[in-house]
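Chemist: Next come the chains, spelled out residue by residue.
2 protein chains.
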Amino acid sequence: MEKTAFDANIVQEMLTEKTELVETLKNDVYSTYKTFPDKTLNGMKTTLIYPATKQHIAKYSEQEFHIVQESGEDYKKVTLPYVKNKALSNQWVYNILNKETEADRIVFEDTCPDSGFILLPDMKWDRKDMDALYLQALVHRRDILSLRDLDQSHLPLLKNILEKGLSAIKEKYGIPANKVRSYLHYQPSYYHLHVHFAHIKLDNPGFEADRAHLLTDVIENIEMKSLYYKEKTLVFKVREDDHLYKAFLEHGCIQK
Amino acid sequence: MEKTAFDANIVQEMLTEKTELVETLKNDVYSTYKTFPDKTLNGMKTTLIYPATKQHIAKYSEQEFHIVQESGEDYKKVTLPYVKNKALSNQWVYNILNKETEADRIVFEDTCPDSGFILLPDMKWDRKDMDALYLQALVHRRDILSLRDLDQSHLPLLKNILEKGLSAIKEKYGIPANKVRSYLHYQPSYYHLHVHFAHIKLDNPGFEADRAHLLTDVIENIEMKSLYYKEKTLVFKVREDDHLYKAFLEHGCIQK
Chain A
1 MEKTAFDANI VQEMLTEKTE LVETLKNDVY STYKTFPDKT LNGMKTTLIY
51 PATKQHIAKY SEQEFHIVQE SGEDYKKVTL PYVKNKALSN QWVYNILNKE
101 TEADRIVFED TCPDSGFILL PDMKWDRKDM DALYLQALVH RRDILSLRDL
151 DQSHLPLLKN ILEKGLSAIK EKYGIPANKV RSYLHYQPSY YHLHVHFAHI
201 KLDNPGFEAD RAHLLTDVIE NIEMKSLYYK EKTLVFKVRE DDHLYKAFLE
251 HGCIQK
Chain B
1 MEKTAFDANI VQEMLTEKTE LVETLKNDVY STYKTFPDKT LNGMKTTLIY
51 PATKQHIAKY SEQEFHIVQE SGEDYKKVTL PYVKNKALSN QWVYNILNKE
101 TEADRIVFED TCPDSGFILL PDMKWDRKDM DALYLQALVH RRDILSLRDL
151 DQSHLPLLKN ILEKGLSAIK EKYGIPANKV RSYLHYQPSY YHLHVHFAHI
201 KLDNPGFEAD RAHLLTDVIE NIEMKSLYYK EKTLVFKVRE DDHLYKAFLE
251 HGCIQK
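These protein sequence lines are chains A and B, in that order. Under our numbering, the first sequence has 148 at position 148, and the numbering climbs by one with no breaks. Under our numbering, the second sequence has 116 at position 116, and the numbering climbs by one with no breaks.
Possibly wrong hints are sitting among the right ones.
The list treats identical chains as one, so a pair stands whether inside a single copy or across any two.
What the hints assert, rightly or not - Result set (BS3-like, lysine-lysine): computed pairs, CA atoms no more than 30 Å apart in a straight line:
1) Lys99 / Lys225
2) Lys34 / Lys256
3) Lys124 / Lys54
4) Lys225 / Lys237
5) Lys99 / Lys124
6) Lys170 / Lys59
7) Lys84 / Lys39
8) Lys172 / Lys26
9) Lys159 / Lys256
10) Lys3 / Lys128
11) Lys26 / Lys59
12) Lys124 / Lys26
13) Lys256 / Lys246
14) Lys128 / Lys39
15) Lys124 / Lys3
16) Lys59 / Lys3
17) Lys54 / Lys99
18) Lys18 / Lys170
19) Lys26 / Lys39
20) Lys230 / Lys84
21) Lys99 / Lys170
Keep in mind that the hints were calculated from the coordinates and are not lab data.
Extracted from the complex, chain A is given alone in its bound form (with noise of 0.2 Å):
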């Protein structure tokens, strides 16, 4: 369960006689109160998994994290054999891909098999708060595991990624590109290539500087290195119970 971002429509109408406040601070012209607005005005966001895997249980519980320094030889011999053996399906990629699901989504199509990509919101997005604004570019190739894959020969996809998607949102939203970050994940949540848009002024967990990669930085230390992201340690955030962490342990990589 998620609580959501106020609405401004809905803020003011909670701010009628119908919400109840219980006063728990005064001092001078300051004070403060527990607010009770009327349910319906009040609505949260879930999110259901089922059947869920014991990976999806331990995803969401609380968990010790640890700082990963992934060298380029720690990703062929501990985290590509995870990945082909370990990661969840992404079987809901290729139904959004194959026009299966989610199709009314799709906010913008580039159907070219190697530079393609489908644009559409993030589920976290509930598509009316643009402060709020998080879609996801899923690329129609898909032999992209994630962010370690890539050399100069996907320059063309990464910069038709960043041109076309920034232009589709701010035509579809009227967001200029100076008020959205784009960005990949590492460790991604999936290893089918994606691209994170999101709003600037959204307070996004997933924008962490040991996670998120800015596409323009992407591009250009490719350019100016083509094999920089197959070479360099990736640091990363890992949660303890992570089979990734525990392959990291076995392997000696890290120490405990």
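Fit chain B to the supplied structure of chain A, relying on the hints for placement.
Modeler: Chain B only, in chain A's frame:
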């Protein structure tokens, strides 16, 4: 008004048939719902200021932000003159380095004039909650404004801060290196080179991917290419009422 964090006991009470669910999306094992719990379980917090001055109103009014892409040339032409003319005084930093203030708060010092630094708790940390651990290392050298100035000549300084900073934190607070994020800000809030050390669990608004640069990444990028941070486009978020934003506009380096 603010939505409050979930309380585990109240979440239990929400998980009953009294909570209304309205399905909004379904794909494979995943589905989402609008959720309306009983009003009494779904309280918020309100802060009232009455009467409010114009300053109060300005403080809580929405600010516009923009993403700026600063090239190495932009830095020399726009940012450097701004830093030299407009940035806040570093006198408070020099007071610390001279032991004129906060000497009793120093956690560790390396007195070497070239690669030395003073490590002390950030003002935002209460020094009690270890999950909120937050320190800063201030370098003794006074000629390095920010990340932009760094090249291979600074590698001994940077490696010294990383190694001795993390080991001082381990020794003093018992927090190991794999739970501590070390990073630089760009733009920084003051232009005297410093490094942030924060606990991995700290939900820190200064750790966004368009502000925080991991110290290990900085070292590796400079090892790969000495002029990396002098030439790289650096992306940052800026407030519309910030002098730096106005300087970028005046120079025609960004469009409104």
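Chemist: Please go over all the hints and tell whether each is borne out by the structure.
Modeler: Here's how the hints hold up against the structure:
1. Lys99 / Lys225: neither (36 Å within a copy, 45 Å between copies)
2. Lys34 / Lys256: neither (37 Å within a copy, 41 Å between copies)
3. Lys124 / Lys54: within (22 Å within a copy, 36 Å between copies)
4. Lys225 / Lys237: Result: close both inside a copy and across copies, 25 Å intra and 26 Å inter.
5. Lys99 / Lys124: within (20 Å within a copy, 49 Å between copies)
6. Lys170 / Lys59: This pair counts as between: shortest inter-copy Cα distance 29 Å, intra-copy 34 Å.
7. Lys84 / Lys39: Intra 46 Å, inter 46 Å, cutoff 30 Å: neither.
8. Lys172 / Lys26: between (46 Å within a copy, 24 Å between copies)
9. Lys159 / Lys256: For lysine 159 and lysine 256, the Cα distance is within 30 Å only across copies (23 Å; inside one copy 40 Å).
10. Lys3 / Lys128: For lysine 3 and lysine 128, both the intra-copy (15 Å) and inter-copy (18 Å) Cα distances are at most 30 Å.
11. Lys26 / Lys59: between (41 Å within a copy, 20 Å between copies)
12. Lys124 / Lys26: between (37 Å within a copy, 13 Å between copies)
13. Lys256 / Lys246: This pair counts as within: shortest intra-copy Cα distance 10 Å, inter-copy 49 Å.
14. Lys128 / Lys39: both (20 Å within a copy, 23 Å between copies)
15. Lys124 / Lys3: both (11 Å within a copy, 17 Å between copies)
16. Lys59 / Lys3: both (19 Å within a copy, 24 Å between copies)
17. Lys54 / Lys99: within (29 Å within a copy, 53 Å between copies)
18. Lys18 / Lys170: neither (39 Å within a copy, 41 Å between copies)
19. Lys26 / Lys39: both (27 Å within a copy, 24 Å between copies)
20. Lys230 / Lys84: within (17 Å within a copy, 39 Å between copies)
21. Lys99 / Lys170: within (24 Å within a copy, 52 Å between copies)
Of the numbered hints given earlier, the model fails hints 1, 2, 7 and 18; all others are met.
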